[in-house]
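So the sequence lines, in the order shown, correspond to chains A, B, C, D and E. Okay, so the first sequence: first residue is 1 according to my numbering, each after it adds one. Okay, so the second sequence: first residue is 1001 according to my numbering, each after it adds one. Okay, so the third sequence: first residue is 2001 according to my numbering, each after it adds one. Okay, so the fourth sequence: first residue is 3001 according to my numbering, each after it adds one. Okay, so the fifth sequence: first residue is 4001 according to my numbering, each after it adds one.
Certain hints may be false.
To be verified - A partial selection of chain A residues facing chain B, derived with a Cβ cut-off under 10 angstroms:
1. Tyr145
2. Ile209
3. Ser240
4. Lys250
Unchecked claim - Here chain D is said to cover these stretches of chain E; the calculated rule only asks that three of the stretch's residues, wherever they fall, bring their Cβ under 8 angstroms from a Cβ of chain D:
5. 4102-4113
6. 4135-4143
7. 4187-4197
8. 4200-4213
Said to hold, decoys possible - In the DSBU-like style, the derived pairs of lysine-lysine whose C-alpha atoms are separated by at most 35 angstroms in a straight line are:
9. A/Lys197 - A/Lys83
10. C/Lys2115 - A/Lys118
11. A/Lys118 - C/Lys2168
12. E/Lys4007 - C/Lys2115
13. C/Lys2115 - A/Lys144
14. C/Lys2194 - A/Lys83
15. B/Lys1144 - A/Lys186
16. A/Lys144 - A/Lys83
17. E/Lys4165 - B/Lys1197
18. B/Lys1118 - E/Lys4241
19. D/Lys3194 - D/Lys3280
20. C/Lys2115 - A/Lys197
21. A/Lys48 - C/Lys2115
22. B/Lys1250 - A/Lys250
23. E/Lys4085 - C/Lys2168
24. C/Lys2168 - B/Lys1144
Just so you know, these hints were derived from the structure itself, not from any lab. Note that beta-carbon positions come from the ideal geometry of N, C-alpha and C, so glycine has one too.
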Amino acid sequence: MANPMPARAADQSGTATSDAIVEVRDICKRYGDIEALRGINLEFERGKLTTLLGPSGCGKTTLLKIIAGLVPATSGQIRINGKVVTGPGPERAFVFQDFALMPWATVLRNVGFGLELKGVPQAERHRIAKHYIGEVGLSGFEEKYPHELSGGMRQRVGIARAFSVNADVLLLDEPFSAVDEQNRRKFQEDLLQLVEKERKTFLFVTHSIEEAVYVSDRIVLLSPRPGRVSQIIEPNIDRSAAPDVIRRDKGYLDVVEEIWQGLRQYAE
Amino acid sequence: MANPMPARAADQSGTATSDAIVEVRDICKRYGDIEALRGINLEFERGKLTTLLGPSGCGKTTLLKIIAGLVPATSGQIRINGKVVTGPGPERAFVFQDFALMPWATVLRNVGFGLELKGVPQAERHRIAKHYIGEVGLSGFEEKYPHELSGGMRQRVGIARAFSVNADVLLLDEPFSAVDEQNRRKFQEDLLQLVEKERKTFLFVTHSIEEAVYVSDRIVLLSPRPGRVSQIIEPNIDRSAAPDVIRRDKGYLDVVEEIWQGLRQYAE
Amino acid sequence: MHMAATPHKVSATGGAGSGSSTIVETLAEFARRRKSFWVVVSLATLFTAWEIAGRVPISFAFPTFLETLAALIEMALDGTLLPAYAITFQPLVIGVAVSAVLGIGLGIAMGLSDKAEWLLAPVFIVLQAAPMAALVPLVTFVYGIGLVAKTLAVIMLALPVIVLNSYKAVRHVNPSLVDMCRSFQGTRLQQISKIIIPDATPVLFAGLRLGIAAGFIGVMLAELLITPTGIGDLITYHRSIANYAHMYAAVASIIAVSTITLAALQYIEVRFLRPEKRRK
Amino acid sequence: DPMRIAFGDIATVESLHLLAALERAKEKGVDVQVTFLKSEDIAAQAVVSGQADIGIGGPYALLQKVKAPIRIFLQLSKLQFYPVVNTEFYKEWKDLNGQEVAVHSRGSGTEAIMQLMADKNGIAYSNISYVPGAEVRTGALLQGNVKATIVDSSGKRILEKEAPGKFAFLPLGEVAATDEALFANTDYLSKNQKDVEILVESILTTWREVAADPTSAVALREKYKLLPDATPDMVADIDPYFAEAAPALPLNGGGEDAAKDDFDFYTISGALEGNAADLKVEDFWDLTALNAVLAKIGTK
Amino acid sequence: MKLFGIKIPMMTSLLFWALVWEVVGRMDVIFLIPPMSAIVSAGFDLVATNSWQNASLVTLRSFVVGMALAIGVGVPLGIAMGRFKIVDNIFGLWVNMFVSAPLSALVPVLMILFGLGETTVVVTVFLFAVWIIVLDARAGVMQVPPSLIEMGRCYGASRLTIFTKIILLSALPEILAGIRIGLIRGVKGVVIGQILVSIIGYGELFELYSRSFDMERFWALTIILFAAAMLLSAGVELFEKRIEYYAGAR
Ligand SMILES: Nc1ncnc2c1ncn2[C@@H]1O[C@H](COP(=O)(O)OP(=O)(O)OP(=O)(O)O)[C@@H](O)[C@H]1O
Ligand SMILES: Nc1ncnc2c1ncn2[C@@H]1O[C@H](COP(=O)(O)OP(=O)(O)OP(=O)(O)O)[C@@H](O)[C@H]1O
Ligand SMILES: [Mg+2]
Ligand SMILES: [Mg+2]
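Only chain A is shown next, with the shape it has when bound in the complex:
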């Protein structure tokens, strides 16, 4: 934690810069007297799923929102595809922890909302929305309202909405935290398939070490407030294997254990 240049980051930096779609440069963030983030430098590779992991309140959400352009950084830069950005842009889409669905709109309208804001004509919008509704397994629910869906289904709507604007980078803030354990596990497996299929860049925040190790290509561990990068870990797990094989893979278990040993000191 006291080590700002993380152990495994070195063998990574060389390749990362080559195809980094998102670059985080010296990001600091203060909320009044609270220093939430200090000097964050990170690169996120195209087509990979990177997870931010860390104790509660370490600034994971803050960092994700800064990247999304929803919260301004106190200092530092965010570059997307090499260009400095200061606000939200079409190449990034956010998936919210509380789903952020409009309760007055149907699933179809919710999924097509990003397109609606862009002025895409209705027919086109509905075609695209329906496609992604099918993709996340919600066909037949187009005319339902969010309150008629379970937590897991609502989050799928949120993900379909993010897909439908065809952004390159998807930012997901604890997307499964409001979903119950067993559905969550199912969802993780589905997510891996989506990652495989859609070939997008994912930035993922979670509290669950197993989840992080199970789904991520790379895990960024943040230290407690003020959040700094304390370690970067690449699980290097063979994702082509069946879920139960992955979950009993030695490498997988080692990484989980390693991360847990790093984090348990911050648990109460």
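Dock chains B, C, D and E with the ligands against the given chain A, drawing on the hints supplied.
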């Protein structure tokens, strides 16, 4: 699931009756038109931790509350130490999912509340309460109010309160679901120590398969509504091993996988 | 309206009770199922108490319930009640409409802009907490005694309520919905029209309902304090000639009308504005 | 038991003489309790319902309708009102034909006067609006919200002071009718004859004193410490008001003659139903106390 | 709002409006709006007068008695409605109806039942304040977390103990919120009662000043009354915050 006489229950029944502290006999429960539980027969051994696991809405909470005497069964009997009970009693204590702490009372008063209701004099009450506050690792927080504590700390208060009335059976309904993942993991480890030390009978409800397998002596799987006992599993894990050893134990992983395969059909 | 329909339901279901169970059981069963049963019970209790108190009598100026009912029917039939309501509703409707447009506008502006909030919120907070009734007579000095003055009295009471509720509605819009809109590069205008206003609508509407309730109070104050017109005139006139049954009938009718109006609005609100509450 | 009086107005300089008379009655051992109410009809309602013993107002319409046996027993003042028009629009009675006028309230004396004058001048108003409070009508005239109405003497003085020449006061023939009177339940009157007589006597003697010397009103205020917080403006108003009002004060408490005049006037105004000639004094008045007092102090 | 990076407290805008008032008053636009400074000085004169002190006393007395009744009746009734379905069924209609009914129309009727003078004003205060107190107390009792009650049962508490040690304390924040709104409504009630029926206390002064066009005093009295209403509610709010603190963020 369609098999009411569970696979592994047979090798169990012989010993179970010998020292069953809680016996559940033919319990059925209807809420109006909804049949929540159908013909539940179970025995819980003294000094063991048994987990109820099953898909959402299968009646886990209902069964636990019937055992606690908080909800009347439609038919069937609950026996504690061989005696039929119909309401709450001093030999059982409940730990609530939402903690059920009195927001206007300090930790000390909350923990001592069960004793206060029994009319235990204040000095004695405080002595006992302080002892258990120490036991769950909250020494120094006696004068804090619940809203000043984190979720994990609040649940510890709830557990200390249950311990302090010196009940034989502790009923825990998803005690860690409102606690974040990393603290939850820590908590599971602490719970195992408490079980070891206090030698009480625990009935535990959870959604998390890993959690169930990690902490339980016995796992009762319930089928979806109307809830019936579909399978009883004894993980038979060596709890004297270190947590990370347990979590990579082959037996542990096999049981997790077995349960997951049984339950995944019920996920959305 | 639905109140009037209830007695039918009672007799219909009560009569159709199964033969084996006692009347008490049938009633108890019915009470469990129908809220309207209790409406009838509590109305009947009050009316009986009123009738008895009137017969005692507790005072020459206290008519019985039946006399009052007769007076109400008489006024309804001889064509004094409807025109009176037409007159009372004029300032009420205009006042509430003005308050709604102005109040929702101001409230949204205050919700969206810190400067507007700083400038206006305290004023309306004071106005809402203050006993505006004291100021109603002042209106006559400036706006005289006509429709304008009464409309103004309605506005004085309704506007602060509507403004503050609209303001609250906008301030309590789900922030993650706003973030969601921003993350899809929605413009400020889109944010307001597609997220903030729809999300605030239920609270806006609730505020409107409170505003209408305040408006009813305002119009009654105006008709009792400025000049007696409409229902206020029925009350004062019948009092001045000692037609107390008519006076009570006018008072009871305005209370009933306001209650029914508000209940109808609430029904509309749940029915049309809340998809998440609709199918329950 | 205290004598509970319901006064349908607030205490101002215009009721100074009444307040003084009540003080005198108190001196003579009558426990007078005055409640000030929003309007005359609330005061009447209070008497009808038994919440007050004696009311102040002009309750002819009520007397005819109400079931309770209420009677007037003393006249306090006669109608003293001034029809007034905004000269920009109207000059005389004829101009008001087909126009709107504002009066105090339905069935009030002010309405009766305006109706009477319309009949006399052979005109008809398009609409009569009700604006309670002479000062409100005065204010409304000054603001231009009302073009023709009827005001009291202090309103007249304000109009003359604030906008001299802008308003014209229309001529009014002889109007003799009760503006305010004391009334009570017959039961009360017969049971408390002595107290009522003391009250009547106090009022009549005070009235006579003020009529003889209008400036004595100021002295009365000082003597009984009435209206202690009146502003200088209000105090300055006392002398001119009583100078104008004194000559019209009824010094003999009205009685049968006043009742007959009232029948004529209020049947025309519509407050009373039926023929003036058919109405019986004893249905409206209880003269016992008044006659007893007049026998003692004489008539003037 | 922030100006030059400094946070300006919201209520300061009232000072700004007072300034605007002063300017408009000085310009002599309309006799209704005398300069603020004149109002303030009239206010100092006013509080020294006997009639103001008496009126305040009368008003305060009606208000306090009315509020005491409203709280004394409203809180127990609300709690009973929250606890017993049958009470809720019987009173629910009336409470919901009267909480937003135009009670001002009812005031003239009250006199017949409650007499002249202060009693009617007391009843008006009561009627204005009581319904919201009932509703909030009811809501407070109904939203006691069921798990808290089950917890009490589980540890062997009697019904009475559950009521006194759990339900009442748990409902306290809502009950207080109801009382705060009730107080504000009560102030409105006392004024409406005083100017609609018996002209006593502040009602008398209002009537007197507006009739004699004494606008300085009229506004001074208005401001005193408004300030009193605001202070009252701020006072309860402060108390509420302490309870909230001790009841935690709920
Ligand atoms: N709007 C805000 N104003 C003030 N402080 C804030 C704000 N948002 C976050 N913080 C503070 O910044 C720190 C980081 O917050 P953030 O929400 O990013 O943490 P997190 O890692 O997402 O936590 P969690 O795991 O609980 O979601 C926290 O200490 C929080 O209190
Ligand atoms: N008070 C109640 N009234 C009516 N139905 C109820 C009530 N409580 C529970 N149920 C129904 O009984 C069934 C079992 O509920 P229960 O809460 O015991 O399930 P659970 O297994 O604890 O679910 P979860 O995993 O979501 O906590 C559910 O279908 C639920 O809808
Ligand atoms: Mg977060
Ligand atoms: Mg449950």
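Hints that the structure is at odds with (numbers, increasing): Going through the list in order, the structure violates hints 1, 3, 6, 13, 15, 16, 20 and 21 and respects the others.
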